[in-house]
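**Q** Here is how the chains run, residue by residue.
Number of protein chains: 2
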Amino acid sequence: MAAGGGLPRELDLCQHFDVSRNQVRNALASLAATGLIERTAGRGTRVCQISDWHLLDPLMSEWLAGLEAPDPKLVREIFAFRYSAEPVVASLAASAAVAADIAAIEQAFDGMRTTANAQQAPHHIEYDLAFHEAIYRASHNLVWRQMGHLLRPSIMALIQHSQHSVAALDDSLARHGRVLAAIREGQPQAAERAAREVLKRTAIDLGIVAEISASRDAARTMRNRI
Amino acid sequence: MAAGGGLPRELDLCQHFDVSRNQVRNALASLAATGLIERTAGRGTRVCQISDWHLLDPLMSEWLAGLEAPDPKLVREIFAFRYSAEPVVASLAASAAVAADIAAIEQAFDGMRTTANAQQAPHHIEYDLAFHEAIYRASHNLVWRQMGHLLRPSIMALIQHSQHSVAALDDSLARHGRVLAAIREGQPQAAERAAREVLKRTAIDLGIVAEISASRDAARTMRNRI
DNA sequence: AGCCTATTAAATGTCTGACATTTTGGCAAG
DNA sequence: CTTGCCAAAATGTCAGACATTTAATAGGCT
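Chain order of the listed sequences is E and B.
Mapping to this note's numbering: the first sequence position 210 is 210, numbers consecutive.
So this note's numbering is basically just the index in the second sequence, starting at one, shifted up by 226.
No lab work stands behind these hints: they were computed from the structure.
Treat each hint with caution, since some may be false.
[Unchecked claim] Computed far set for chain B versus chain E, every beta-carbon distance over 12 Å: (1) T271; (2) A295; (3) R302; (4) E352; (5) I385.
[As the list claims (entries may be wrong)] Partner residues aside, some chain B positions facing chain E, computed with beta carbon under 7 Å: (6) V250; (7) A259; (8) T266; (9) L281; (10) L282; (11) E303; (12) A306; (13) F307; (14) V314; (15) L318; (16) L368; (17) Q372.
[As the list claims (entries may be wrong)] Short derived list, chain E residues pointing at chain B, Cβ under 8 Å: (18) Q49; (19) I50; (20) S51; (21) L56; (22) I78; (23) S84; (24) A85; (25) N141; (26) W144; (27) G148.
The structure displayed is predicted, hence computed values, not measured ones.
Idealized CB from N, CA, C, for every residue including glycine.
Could you put together the complete structure from these sequences and hints?
**A** Structure below.
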C-alpha cells in the first residue's frame, strides 16, 4: 500500500476479517508502534513513508525477515549500514571478547562448515546468522548487541539470491574464518579488515554489486553510491 | 525496581492510580513493547533486565532523555556506542552530504556558537543535539538516521555534569567546527578524525574519562575498558 | 515416601456494547 | 468572504463479564 494512503476504519476491518474490534486495535497498535502507520482520532489511519519506519524495532526485523520478497531498496539500506558498521563491531569484538564469546563464534562457524552445501542451505543461513550475532554480542556493548536484530532480514534475503555455487560458499567460509581468527587472537585491525572482506562477498551474493576482479574498487564504488 | 521483580496485578494498579483497566493495560503494553517488562497470562508481570531493553526504541530514548538521573552505566554504554559509531557516520556524511544537509549542520553550529555561555545552556544543548542529528541524517542511510534518537539521552546527560567552563565550551565548539569543515569539503577521513576528537571532549564533559593531556591515551584506555 | 493427576486460585487476555473525544467538512448568518 | 456552529465520521475510553493460561496444592495410587 502506498505511503500516505488511508486504511479502512476499524469496524470495517472487523467485518472483513471477522474478528473482534479488540484484535483489530491490537494489530493496528502494533503497526503504529513500529511506525508503519499513523493513527489520529477523528482522522483515521494512514500509512507512513519508509523513512519513518522504526527499522530498529525487533518486531520490524522479524517481520521483514519473514517476507518472501522484501523491498530491495530496504535490503540495500540495511546492507549499507552493515557494511559501514560491522567492521567496527568486529574490531570491538576483537578487543572485548572473552572465552565464552569466542566459543560461541567458533560453534557457529563449525555449523557453517558442516552445512556448506546446497541441500542444507536453510541450516547454513541460521549458522551464518548466529556467527554474525555472536560477534555483535562479543562487542560487549548493549547498543551494538541490540542491533544484531538487523542481521536477520539482511541475511535472510540471501535465500532469494540462491546462486550458492560451491566456489562462492568456499570463498565465503574462508573469509568468515579469517574474522574468527582475528577476533580469537585479539587483533582489532585485522578483524576490521576481515569483516569488510566478508561483507564484500555478501554484497556479491546479495546481488548488490556485480562480481568483478578488483573487489576493492567494487567496495569503493558502492560506498560512494549509497 | 530490581530486575526479575514482579509488578502488582492490573486491578491493583487500577485502584492505586484510580484509572481504568484500559489505561493500565495500555501503559503496560507500552512498557512491554520497549522490553522493560514481560507479561505472561496467568503468571503476572515482571521486570526485565537491562540487557533485554530495547534501547533503540524511540520511546525508550525519549524516556531516558527525560530522566533526572539516568543510570550512569547506561549513559556509558550509549556513549561507548557513539564513540565507535559516530566517526563512521561522520565519514559517511562527508561522502554523501548534499547542500541541504550541510546547510542544516551549519545552522545548528551557528546556534551552538551564539548560545555558548552558561545562561543559555539549555538552548546550547538543543543545538548540539541538532548538530549531531544532522550528521546522522547526512549519512543518507535509513538505519543510521534512526539511530540519531540515541543522541538525545546521551547529550541530555551533559546537563547533569554542567561544569561548562568557558574554556571547555570553546574547545568543544572548535572541535565541532572541524567536523563541519571536513564534511563540507567532502573529506571522509578528516571527518572521521574530527568526530573522534569531538567525542573525546564529550567524554570528559560527561565525566567518563578524566581530563589528561595526551587525549589519545585516554581514548585508547576507554576503548579497551568498555 | 514418592510421583502423577485433578482441582483450584490467580493472573493476563479477549469480547461486547455503549459512550467520549477529536477532526473535518458543510452550511448558514453576519 | 469570513466566521461560527453543527453534524458526521473516525479513533479513543470505559465497564463488566467471560476465556485462557499458569502455578500451586491436595489427594490417590504404586
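**Q** For every hint, state whether the structure bears it out.
**A** Okay, the hints, checked on the actual structure:
1. For B/T271, the shortest C-beta to C-beta distance to chain E comes to about 17 Å, beyond the 12 Å cut-off, and the non-interface label holds.
2. Remark: the non-interface label on B/A295 is consistent with the geometry, its nearest Cβ contact in chain E lying 18 Å away (cut-off 12 Å).
3. Distance check for B/R302 against chain E: the nearest CB is about 10 Å away, which does not clear 12 Å, and the non-interface claim fails.
4. Here B/E352 stays apart from chain E, with its beta-carbon at least about 22 Å from theirs, past the 12 Å limit.
5. With a least CB separation of 21 Å from chain E, B/I385 remains clear of the 12 Å interface cut-off, as annotated.
6. Using the Cβ-Cβ criterion of 7 Å, the hint placing B/V250 at the interface with chain E is not satisfied: the shortest such distance is roughly 15 Å.
7. For the restraint placing B/A259 at the interface with chain E, the shortest Cβ-Cβ distance is roughly 5 Å, inside the 7 Å limit, so the hint holds.
8. For B/T266, the interface hint is violated, since its Cβ never comes within 7 Å of a Cβ in chain E; the closest pair sits about 16 Å apart.
9. Satisfaction of the interface hint for B/L281 is found here, the shortest Cβ-Cβ separation to chain E being roughly 6 Å, below the 7 Å cut-off.
10. The closest approach between the C-beta of B/L282 and any C-beta of chain E is roughly 4 Å, which is under the 7 Å cut-off, so the hint is satisfied.
11. Hint on B/E303 holds. Least Cβ distance to chain E is approximately 4 Å, under the 7 Å limit.
12. A cut of 7 Å between beta carbons decides the hint on B/A306: the least distance to chain E is about 5 Å, and the hint holds.
13. For B/F307, the interface hint holds, the least distance from its beta-carbon to any beta-carbon of chain E being 4 Å, beneath 7 Å.
14. Interface restraint check for B/V314: the shortest CB-CB distance to chain E comes to about 5 Å, inside 7 Å, so the restraint holds.
15. Checking B/L318 against chain E: minimum C-beta separation of about 6 Å stays under 7 Å; hint holds.
16. With a least beta-carbon distance of about 5 Å to chain E, the hint placing B/L368 at the interface is held under the 7 Å criterion.
17. Below 7 Å, beta-carbon pairs count as interface contacts, and B/Q372 has one with chain E at about 5 Å; its hint therefore holds.
18. Checking E/Q49 against chain B: minimum C-beta separation of about 11 Å lies over 8 Å; hint violated.
19. Nearest Cβ of chain B to the Cβ of E/I50: about 7 Å, under the 8 Å cut. The hint holds.
20. About 6 Å separates the beta-carbon of E/S51 from the nearest beta-carbon of chain B, less than 8 Å, and the hint is met.
21. Satisfaction of the interface hint for E/L56 is found here, the shortest Cβ-Cβ separation to chain B being roughly 4 Å, below the 8 Å cut-off.
22. With its C-beta approaching chain B no nearer than about 6 Å, E/I78 sits inside the 8 Å limit, and its interface hint holds.
23. Nearest Cβ of chain B to the Cβ of E/S84: about 5 Å, under the 8 Å cut. The hint holds.
24. Hint status for E/A85 relative to chain B: holds, with the closest Cβ pair at about 7 Å, below 8 Å.
25. Below 8 Å, beta-carbon pairs count as interface contacts, and E/N141 has one with chain B at about 5 Å; its hint therefore holds.
26. Interface restraint check: E/W144 against chain B, minimum CB-CB distance 6 Å, threshold 8 Å, status holds.
27. At its closest, the beta carbon of E/G148 sits 11 Å from a beta carbon of chain B; the interface hint therefore is violated under the 8 Å criterion.
Consistency note: the structure conflicts with the earlier hints numbered 3, 6, 8, 18 and 27.
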